[in-house]
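Protein chains in written order, with this note's numbering: chain A, 1 to 410; chain B, 1001 to 1410.
Note that these hints are calculated values from the structure, not bench results.
Among the hints, erroneous ones may be present.
[Said to hold, decoys possible] In silico BS3-like pairs for lysine-lysine, Cα to Cα no more than 30 Å straight-line:
{"id": "1", "chain 1": "A", "residue 1": "219", "chain 2": "B", "residue 2": "1375"}
{"id": "2", "chain 1": "B", "residue 1": "1278", "chain 2": "B", "residue 2": "1294"}
{"id": "3", "chain 1": "B", "residue 1": "1219", "chain 2": "A", "residue 2": "278"}
{"id": "4", "chain 1": "B", "residue 1": "1278", "chain 2": "B", "residue 2": "1375"}
2 protein chains.
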Amino acid sequence: MRGPEISSARLLDWVADLGRIGALPGGGVCRLALTDTDRAGRDWLVAQMEALGLTVSIDAIGNIWGLRKGLVEGAPVMMGSHIDTVATGGLYDGALGVLAGLEVIAALNEAGITTHTPLAVAAFTNEEGARFAPDMMGSGVYMGALDREEMLATVATDGSAVFGEELDRIGYHGGDTPVTPAAYLELHIEQGPVLEREGVRVGAVTGVQGISWTEYTIKGQSNHAGTTPMALRHDAGVVAAKIALAAHEIAADLGPPQVATVGVFELSPALVNVVPEKARLTVDLRNTDNELLKQAEARLQSAAEDAATAHGCTLARRSLARFDPVAFAPQVIDRVEAAATARQLSVKRMPSGAGHDAQMFAPACPTAMIFVPSKDGLSHNINEHTEAQDLVAGAQVLLDVVLDLAGGKS
Amino acid sequence: MRGPEISSARLLDWVADLGRIGALPGGGVCRLALTDTDRAGRDWLVAQMEALGLTVSIDAIGNIWGLRKGLVEGAPVMMGSHIDTVATGGLYDGALGVLAGLEVIAALNEAGITTHTPLAVAAFTNEEGARFAPDMMGSGVYMGALDREEMLATVATDGSAVFGEELDRIGYHGGDTPVTPAAYLELHIEQGPVLEREGVRVGAVTGVQGISWTEYTIKGQSNHAGTTPMALRHDAGVVAAKIALAAHEIAADLGPPQVATVGVFELSPALVNVVPEKARLTVDLRNTDNELLKQAEARLQSAAEDAATAHGCTLARRSLARFDPVAFAPQVIDRVEAAATARQLSVKRMPSGAGHDAQMFAPACPTAMIFVPSKDGLSHNINEHTEAQDLVAGAQVLLDVVLDLAGGKS
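Construct the complete structure from the given sequences, taking the supplied hints into account.
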């Protein structure tokens, strides 16, 4: 007896139903936070929760959660994610974690199971940060990492709206008080290529990589590309190119899971025949080990200073973002791994390279995530895709781990 | 007896007089080709030529030249340059060569010298190419390297005017027939830092560097900076950075006069946390030796292909410009060197890194250039500056070489 089973038909119907709200003509969806389509998605979600018998709460930042009573009172085991998307989002990023939570409740209802500990399904406001920065806003406020009043005053990235006013407008400025869960679980698509590439069905996520974003600005001297001998130049662009390659060499040298990305690289005045006076580049470094991440940062800085000195340029460094790695709870990771194995699903321990609502819960309660494969590693893209069998497998592992954590038998 | 002397007062007055036409509030001048200020500069120049007794001609592309009879008939020894400027130009780029030509005529008039060969002072239309491309348009048409009708049909870079119509409008669409000179000499500011840095007064220019402009476009794959392991990336930006550094390594390896400049370097989508899908960069390679320039181009292409292959990216190459090096006439270079030495001016043989009208004459007649120092190597800049004593020294060398070539005694 392996316990209750997920209904693949019901889960896939829900994915399709929510996916129709904000559907884009060419596929994918646009449900930017606090827009009318986000409201429509929220209304749909609340209706589903109520139909499943959950008690719906909404807090002052617009987070929605539905509670299912357990045999005892107390903090619930929470399943959560988000239903907002980027402007050209897919059907699964965020939505899967919320809809699988609904499906877990539905499967338990159908099997007549009441868990020992209460359960909750949550959808957090503005995880994407696409319309209002920062991202993970709802879960950050929920767990106290972000200031609620400050977030309510946030102006949209296009300057067109204020967060709190939009929240009022769509009718989701609630007053319920968040509760710290007994445990937190989030099913999510990987948004990377690893599971698909290795043919593994389930990722037991060990934590979220630490992130270090640095902007370097190099100032040299603008000179004529023909009349200035190499030895008399102060070429800001060469310094920038050396920093970019140093970042990649550091990542190669430290090995996985260290990654390094130079996403922005600009020269000024940007003319074919003028030695660049100024260069600006960004370096995104990530590692699950904070000591290794610090080592990568220090080595990058040293390489940047050496390059600037060698070319007689000045170097300015600005930190754009810095988050320590988040480690998930070993006992929950173990249970994810065990649950997948018990269902004969291949499983791999892996870090998350992207940020998720789960990281806001990790400091306060036992937390972990379950990943399922993303076709071609694509996400934040209308072609984002996860095979139906993988959606179902992930939801089944979620159900099994929730039952394990909350205590309950059929 | 060292022959006739330049009048520094007269030369500097002329520099100041022409510099007032199109003067910018903060210094420098703007006499873009075929504008009203260019016309005012031309009118002033023609008046000076006529006052010096020169016979003024204007051809169908607007070139102006003033002829001074010699003891015999025939092709003149020509001194020339241009009086158009870039939008934020200096007082010397181009103007010096024309005004020094006037001063040579004035000094000869004053000394009562008639040369054996006739002399000419020329100002060529649109050398800068700032308002209408290409540059060196007037001298190119004069010597048959560019097609006159095609040039007359050129539309301004801002789309606002047609070359031929502007030439008519300012009244410089002449009908005189260009004559190939017996020899061509051009005094010009260096527009680079070499003479000043080495404390040398005069450059005996050996030729103009060959120029190779290449644009590389690299296509990789856009990926999430956190979720995509290094080994699974196709990072167009890394390929571009490797090409940029390869260009500099090739220049370092070949040594002077090889130079390499990466002036444009763009990534797309240019987001901090997205692996660049596309990169575009330009490489400007220059050398006086065409075989070495070809070698540099071949090595760059090979490095670019290797980098693209290593990262699984595609590479597209587009040649934006390719000019063979121009060699000036050894016997004229020798005379420039000898004249400077005779005047106790330190002199250095050097290539020109920038293009000049002189290169249009080099294939057809004995040609050379004389360089004088540019403060901080600045040009195409309102702070362009050459010390008065250097302006005078350059004009004196021009006078001495012209007398040497044209034959004439006081």
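Each hint, compared with the structure:
For a cut-off of 30 Å, the pair hint linking residue 219 (chain A) to residue 1375 (chain B) stands: about 21 Å separates their Cα positions. A hinted pair counts as satisfied when its Cα atoms are at most 30 Å apart, and residue 1278 (chain B) with residue 1294 (chain B) qualifies at roughly 27 Å. Proximity of residue 1219 (chain B) to residue 278 (chain A) is assessed by CA-CA distance (about 25 Å); at most 30 Å being required, the pair is judged to hold. The suggested pairing of residue 1278 (chain B) with residue 1375 (chain B) is violated, with an alpha-carbon distance near 40 Å, which exceeds 30 Å.
When the structure is compared with the earlier hints, a violation turns up for hint 4 alone.
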